[in-house]
Amino acid sequence: MTARQDGVVMELERADVVDGELLPAAPAAGPVADVGYDAATAAVLAALDHRAEEHLADARPKKTRDGYARDWALWEEFHGWLADRTGHALPRTAVTVGTLVGFVVWLDEVKEAAPNSIDRRITGVTVTARRQGATVPKEATTAAREALKRMKRDSQRLARGRGKAVAATPEHLRAMNTAPAARPQPRVGRRRGTQELPELAQLRDRALVTMAFAVAGRSEEVSALDVAGIRQVAEGIEVHVPSVKGRPPRDVAVAYGKNADTCPVRCWLAWKEAAGLTEGPAFLPVDQTGRPGDRRLGPDGCRLAITRAAERAGLDVKLTGHSARRGLVTTGRKRGKRIEKLRQQGGWAPNSPIFWEYIDEGERWEDAATEGIGL
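With the first letter of the sequence shown counted as 1, position 68 gets the number 69 in the working numbering; the numbers rise by one all the way through.
Derived by calculation from the structure, the hints in this document are not laboratory data.
Ideal placement from N, C-alpha and C gives every residue a C-beta, glycine not left out.
A hint or two may mislead.
[Unchecked claim] Pairs of lysine-lysine, DSS-like flavour, derived with a Cα cap of 30 Å: (1) 246 x 153; (2) 150 x 64; (3) 165 x 63; (4) 246 x 139; (5) 150 x 342; (6) 338 x 153.
[What the hints assert, rightly or not] Label-pair distances were calculated between CB atoms; the ranges are: (7) 342 x 172: 16 to 26 Å; (8) 373 x 244: 25 to 35 Å; (9) 308 x 342: 24 to 34 Å; (10) 181 x 77: 46 to 56 Å; (11) 337 x 308: 54 to 64 Å; (12) 175 x 233: 44 to 54 Å; (13) 308 x 362: 55 to 65 Å; (14) 181 x 147: 27 to 37 Å; (15) 124 x 46: 18 to 28 Å; (16) 157 x 70: 24 to 34 Å; (17) 294 x 77: 40 to 50 Å; (18) 355 x 241: 19 to 29 Å; (19) 42 x 246: 51 to 61 Å.
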């Protein structure tokens with residue numbers, strides 16, 4: 002065992018993980034008994050609660066369910082690791098302040114997981130534990146995320162993951178949308194060739210990157226856009242962003258831009274006309290001969306379109322599918338756009354920490370502490 006892992010054991014022991022109060026594996030007779038229900042009524046209510054929980058779990062996207070399954074597998078691995086060192090196996094449904102904070106420390110020190118990944122694991126474990134009948138106290142999740150705060154401020158820990166997406170700017174979009182159609186290909190033997198991007202694919206990529214920026218769209222949301230949901234009006238276009246992964250749908254206004262190369266309205270109309278779109282998905286694959294496909298361009302395809310456009314433009318930063326979403330907020334705030342307008346455009350919750358992080362980034366140079374003080 003490494004010195005660092007020994008430190009983890011000491012942290013867990015100090016947190017009284019083993020001696021802490023364990024939660025019941027199944028819910029207690031519960032709130033229904035406290036309001037005077039008879040046994041038969043309480044049983045029916047409990048069965049309905051159970052069915053409701055199952056329904057909500059089944060309604061989650063497969064990707065989310067798979068992620069929760071991986072989170073729970075790591076929770077079980079943590080319990081096995083802990084049992085080897087304490088000589089006592091705890092119930093998997095024992096989610097307390099001690100066990101959940103211990104899990105965070107273990108993921109950080111033993112698994113060397115990125116802080117954002119740990120944050121997601123906390124959610125996956127608590128959701129799964131509740132489905133199995135455990136009561137997860139708010140104090141446990143609060144303490145776990147409090148332990149995580151220090152890790153999120155550590156640049157070395159943050160570097161374990163993919164890191165934050167670089168915020169796209171209008172200057173990036175202009176460079177991407179005016180880049181040459183040819184792009185270098187991997188070297189084969191002594192030869193290194195180029196690949197010419199078909200004109201239709203160029204138009205598709207121009208429309209896609211500007212649309213993603215304009216609606217602050219996730220790759221899944223851009224992929225889900227339909228032609229019928231994008232309506233031209235005198236001021237620009239009105240875009241219906243469908244519900245994705247259970248998030249609420251939203252309707253956003255996208256105004257004409259001043260520059261034709263970065264105007265999301267003009268870029269959309271040019272692609273729509275060239276591809277002959279009248280219904281169905283807004284964005285389609287385009288093969289090397291320039292023929293559009295008949296199926297929706299998937300989220301991965303949307304992400305790749307943005308990344309490859311940035312590479313083709315020779316940008317010195319790597320843009321990803323999330324860069325456009327981040328970029329609208331940071332750029333908009335720098336230009337004085339109202340916070341509530343930006344929040345609604347991207348569909349963020351009012352208390353979203355990510356959204357406020359983007360706002361802070363956009364305001365970094367607004368009334369800077371060293372500005373105008375006589376330096």
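Quick rundown of the hints versus the structure:
1. 246 x 153: 26 Å, holds
2. 150 x 64: Roughly 26 Å separates the two Cα atoms, so the pair holds.
3. 165 x 63: 25 Å, holds
4. 246 x 139: 25 Å, holds
5. 150 x 342: 29 Å, holds
6. 338 x 153: 28 Å, holds
7. 342 x 172: 16 to 26 Å: 22 Å, holds
8. 373 x 244: 25 to 35 Å: 46 Å, violated
9. 308 x 342: 24 to 34 Å: 28 Å, holds
10. 181 x 77: 46 to 56 Å: 52 Å, holds
11. 337 x 308: 54 to 64 Å: Between residue 337 and residue 308, where Cβ atoms are some 30 Å apart, the hint is violated.
12. 175 x 233: 44 to 54 Å: 23 Å, violated
13. 308 x 362: 55 to 65 Å: 21 Å Cβ-Cβ, so the 55 to 65 Å window is violated.
14. 181 x 147: 27 to 37 Å: About 51 Å separates the Cβ atoms of residue 181 and residue 147, which means 27 to 37 Å is violated.
15. 124 x 46: 18 to 28 Å: 27 Å, holds
16. 157 x 70: 24 to 34 Å: 29 Å, holds
17. 294 x 77: 40 to 50 Å: For residue 77 against residue 294, whose Cβ atoms are near 42 Å apart, the range 40 to 50 Å holds.
18. 355 x 241: 19 to 29 Å: 23 Å, holds
19. 42 x 246: 51 to 61 Å: 36 Å, violated
Hint check: violations occur at hints 8, 11, 12, 13, 14 and 19; the rest are consistent with the structure.
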